[in-house]
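Participant: These protein sequence lines map, in sequence, to chains P and R.
So the first sequence is residues 1 to 479, counted in our numbering.
So the second sequence is residues 480 to 1246, counted in our numbering.
No wet-lab data here; the hints were simulated from the structure.
Any given hint might turn out to be false.
[Unchecked claim] Below 27 Å or equal to it, Euclidean Cα-Cα: the simulated DSS-like pairs (lysine-lysine) are:
1) R:498 <-> P:13
2) P:235 <-> P:197
3) P:472 <-> R:909
4) P:235 <-> R:525
5) R:768 <-> R:864
6) P:473 <-> R:1243
7) P:472 <-> R:900
8) P:95 <-> R:498
9) R:768 <-> R:1222
10) P:105 <-> R:525
11) R:525 <-> P:127
12) R:907 <-> P:473
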Amino acid sequence: MVSNVIQFIFKNKIFKIENPDPNKTILNYVRDDLKKTGTKEGCAEGGCGACTIVLGEIKNNKLIYKPINSCISFLPTLNGKHLILVEDLIEENNKLHPVQEAMVKFHGSQCGFCTPGFTMSLFSMYKSNTSITNDVIDEALSGNLCRCTGYRPIIDAAKSLNKKKYQDKFKKNQNKTIGLLKKIKNTEVEINKNGKKYFAPKTIINLKKILKKYPDAKILSGGTDLSLEVTKFRKELKTIISLNSIEKLNFIKKSKSSIEIGATTSLFDFQNFIKNYYVDFHDVLKRYGSLQIRHVGTIAGNIATASPIGDTLPLLLTLDAKVVVQGVNQKKIFSINEFFISYRRTKLRKGEFIYSIKIPFNKGNIFKAYKISKRFDDDISSVCGSFSFLIKKNKITKAVIAYGGMSEIPKRASAIEKKLINSDFSENTFSKALYLIDRDFSPIDDMRASRNYRLTVAKNLLLKAFYEINNKKIIRVNS
Amino acid sequence: MNNEEIIKNQSIPHDSATKHVSGLADYTDDISEPFNTLYGAIGWSKKAHAKIKKIDLRDVKTSEGVISVVTFNDIPGRNDVGPVFDGDPIFPKSKVEYFGQPLFAVAATSNELARKAVLKAKVVYQDLKPIVTIEEALKKNNLLFDPRIIKKGDPQNKINKSKNKLKGSFNTGSQEHFYLEGQVCLVVPKEDNNLLVYSSTQHPSETQQIIAKMLKQKSNSITVMVRRIGGGFGGKETNFMTSAICALLSHKTKQPIKLRLDRDDDIIITGKRHDFYSEYEVGFNDNGKINGLKLKLASKCGMSPDLSYAINERALLHIDNAYYLSDLEVKNYLCKTNTSSSTAFRGFGGNQGMMAIENILDNVARYLKKDPSGIRKINFYGQNKRNITHYGMKINDNVIQEIFQSLLNKSNYKKRYEKIKKFNLKNKFKKKGIALTPVKFGISFTTIHLNQAGALVHIYTDGSVHLNHGGIEMGQGTHTKIAQLVANSFGLPFEKVQISSTNTSKVPNTSASAASSTTDLNGAATLNAADKIKSNLNNFIKKKYNIFSKIEPVYKNENIYFGNRSFEFKEIIQEAYLNRISLSSSGFYSTPKINFDKQKFKGRPFYYFCYGAAVTEVTIDTLTGENIVDRVDIVHDAGNAINPALELGQIEGGFVQGQGWLTIEEIVWDNSGKLKTFSPSTYKIPAISDTPKKFNVEIFKKGSNVENVVNKQKTTGEPPLMLAMSVFFAIKDAIASVSNYEKIPELDAPATPEKILMSVNKLKNTI
């Protein structure tokens, strides 16, 4: 069934919006139309967390909660979700929710402007974890900025929620909520509002049909980058096709030789999966944007936007991932190493979409990846270095090295690779090879780092990889 | 503990805390808008320095939803928002002086349409060469004022005679306020051309005056209201552009206008912290005691004076930090640059002055190959000798030695200092560093007349208390603390006292909530009002109940006690009302004892000093420059704190904000004067994982105030920011280890991973 009505659960009821503006953000809807002003706009780019809301949805018959940045999420993406705002947390008897109580008790608010966002991130953390460790806290709150407190009281408030047993109203109402969510699940959305179109097909067949008709449409797979066209550059997105309702694109499959990740798999799900195979990939992903971003953003989106500093890209280059592209008629498989053409341009053509990514297991290879940025969390890297080596009898038989932030596209360091291959695995080899960095890259000066720093760090990361492998020890200040 | 102590000492939560966490605390953008509200947006200059040849606004005017456009032609009165000096035109007529300077504004039917419309302006510029850096401005002598020279003793002679001498230069960087709530204003027109202005400002009275002057109206026709603001940090002290333009749009359209700057516009249009550059020449003896010091201190003021004179003055007044400088000369240059006008920011120049002297002491210690904490200690101001500042003020509340000693013990500094040296010998790539730095910060506006405040207190017939004062609630908890003081004064529970919006029609002619003085000044004014009402009540009771004893009545537990006789507060209020006794009063306070001759740079500009010290340990990665703050120990003097939990919040929050200033927060302007760091994606304030891994903060247990400040408290507004100097010098200490402490690292602030790595490499190359 195709409908121009989006439906979501709000305050235990089904809410319907007929033909919403596809360029309107959830934040603007909440503040301007629902007149709920607890949710704040801090930056309109998903960089501060003041607009954090929580969405509930069903996964494996259970309710799960995700914090998202409402300032960069388009209204139609609310379809089929349970919307929870900061005003909704208070319990029926007017008692504060445990997360709110903790924030008050530990003096977690000063000016209070970031507080609704923190409260929602804490709420989501509380609903998703029973054991609240320091790691859980850092991850849950790294996308929320506070300029007043210095975070210590918020951290203490979060810690106090560890193993807290309390049946909140969301728990009590969960069966009802699940029932309501199931009721509104099966719609395929098609909106046409003043010439602005939005499609959220549920099947690949329908997606292909729509793509054929609208080859110039913007594909939304998370949309954490796409939405900035509207919120920052004040453009109008005429036609948006969302992939998020296609369940067939949301998967992670493991075979003997590789992992395959469906296009709409969230970075968060991917991060948790990849941990078991490539720890450094997980560690870099954990510093990719914020939890709010990773719950929405996808690896396919990251590849399609082809940013020179897209943090997963050098890692995928090193691991020689494959990009499975679905055309109107057939699937094509590209090595990611041939996928990027120039600045933000890829081999993806109009009417095509990324179906999945395959990451091979490269047995015996040693994989290392490092992200260098001014701030550890939620920052864009100045340099991201990724390394994979196969060493046999102290000989380097394979060296695959890629960097982000060093060129207009994420790129392999082929001169260095060539120099390393078939050499001894020794400090001497690496010290000699690293001077070839100038041959591989000519980075630019910008607000994140100077050319000189980028070159120096790129060399040093190569050395770091050597020392870490050689000394069998992790040499990092944040580990 | 008696009731008085309980109320006074209770660390009760911020009075808006439950509203904060429930989304029910209203900020300016959350106020219900009148039905016909329009939305504003500002069109700004894309050039840093240029003549305006033509502004074509035809496409703007015809853009969807646009109702009105304003330019300088629409301003009936003063076209300037400069608070002290002119120089900040609302819309310049012929020349733009920074990238981001407002040129015109629109009112439209929605925020989005207004913001889209301003992009359609066609402006023809004739480029002029911009001056972007301090270096260029100094070279071209592009200064806002003549250089200011302060001198004490004969520093050149002392330096010449010293056994040891050092010369060098040092930079500290700018900083964006990044208050989470951006600049926002809602103006509602009322009858007789009156305007009701809701603004996110730290300074409602000046907002009122600036709008009145702009519209050529009397101040009594403008009312400014502020319930709370979402952080200020100085960034909302004089940035009157938003409220002025909003009022102008309302004046022209006769409709309510809301103008909320989008984050990028906010960062691009409004001013930031001053960069400072210093050159020094110092002479010292073998123990590291400073004999003579000559400094050149230059700051980047941006395109206009704004508060730069006062900010530079505070830098000059804090060039000593906690140290006695017998012979000193400072030449101060206020550089005019084609950048947004640098403005107030927590520390207000004091922090930049203090960083200059801390860097010198650090270098002196490294030159002598001694523990820098020891060099700092021997240069401290004395109790009875060496206790007159370079501006002639005798320090009579010095507790720095005590705090220093207490912190040394508490943090186990000496042992860790040795342990770190051993760690560094064993580790090739990871290096640790530690530093202990003191803070002495002067409290009072150095412009003496600003040290005044007013308040208004009412008691209603049900015994509840309502109060207003001139201070702005910006997160620091001033409303909570002042309500606590008043509850205590009347012997009432905290819940019986309510503070509502700061309002220029209730308390007039207020000073900005700034200079850390908000609670000191407004608290005292409020208590003055309370005392007047109490005096009415006391006289009434005495007369009515024939009490002749001279015992001071005691207000506590909701009763008034005259010796053994007691009167229930609520009942006596009702009775007083029926007997026609005034239950309302204004209050006033002006800080005593202070004076300052700006010409001679002499006097007592500060009522008292705040003291504190911090020890920080860091680890750096010498391959990448990445670093973490492992542990911080702080002892900070909050006097006799009104609300220790809120003070703790200021200390920790100030520290982390200072840490950001000195480490990751980097403002970048390109050569053409364009700001490159204007959003959270390009400008990084500390996030949760940047909080020190161990963070031990202690409020100085013996804290009090020798002066008669409310509750004998000491403010914690600005001073804790400077505790973060220890982070910078710990990083420098870690870098020094690369040369086995033989060489002095070259490191400017902010110590980004890039600067750290470059400093490490430079040091390696000189070994």
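Participant: Within 27 Å, alpha carbon to alpha carbon, are residue 498 of chain R and residue 13 of chain P?
Facilitator: holds (25 Å)
Participant: Residue 907 of chain R and residue 473 of chain P: Cα distance at most 27 Å?
Facilitator: holds (13 Å)
Participant: Keeping to a limit of 27 Å between CA atoms, is the pair of residue 473 of chain P and residue 1243 of chain R held or broken?
Facilitator: holds (24 Å)
Participant: What's the verdict on residue 768 of chain R and residue 864 of chain R, does the C-alpha distance respect the 27 Å limit or exceed it?
Facilitator: holds (15 Å)
Participant: Given the hinted pair residue 768 of chain R and residue 1222 of chain R, is their alpha-carbon gap at most 27 Å?
Facilitator: holds (20 Å)
Participant: Would you check the hint for residue 525 of chain R and residue 127 of chain P, treating anything up to 27 Å between C-alpha atoms as holding?
Facilitator: Outside the cut-off at roughly 47 Å; violated.
Participant: Would the pair residue 235 of chain P and residue 197 of chain P pass a check requiring their Cα atoms to be no farther apart than 27 Å?
Facilitator: holds (14 Å)
Participant: Keeping to a limit of 27 Å between CA atoms, is the pair of residue 472 of chain P and residue 900 of chain R held or broken?
Facilitator: holds (24 Å)
Participant: Straight-line Cα separation of residue 235 of chain P and residue 525 of chain R no greater than 27 Å?
Facilitator: holds (19 Å)
Participant: Hinted pair, alpha-carbon criterion (27 Å max): residue 472 of chain P, residue 909 of chain R. Please report holds or violated.
Facilitator: holds (16 Å)
Participant: Does residue 95 of chain P pair with residue 498 of chain R here, judged by a C-alpha cut-off of 27 Å?
Facilitator: This hinted pair holds, its Cα atoms lying about 12 Å apart.
Participant: Quick one, are residue 105 of chain P and residue 525 of chain R close enough, alpha carbons at most 27 Å?
Facilitator: Answer violated: residue 105 of chain P to residue 525 of chain R is near 47 Å, above 27 Å.
Of the numbered hints stated above, those contradicted by the structure are hints 10 and 11, listed in ascending order.
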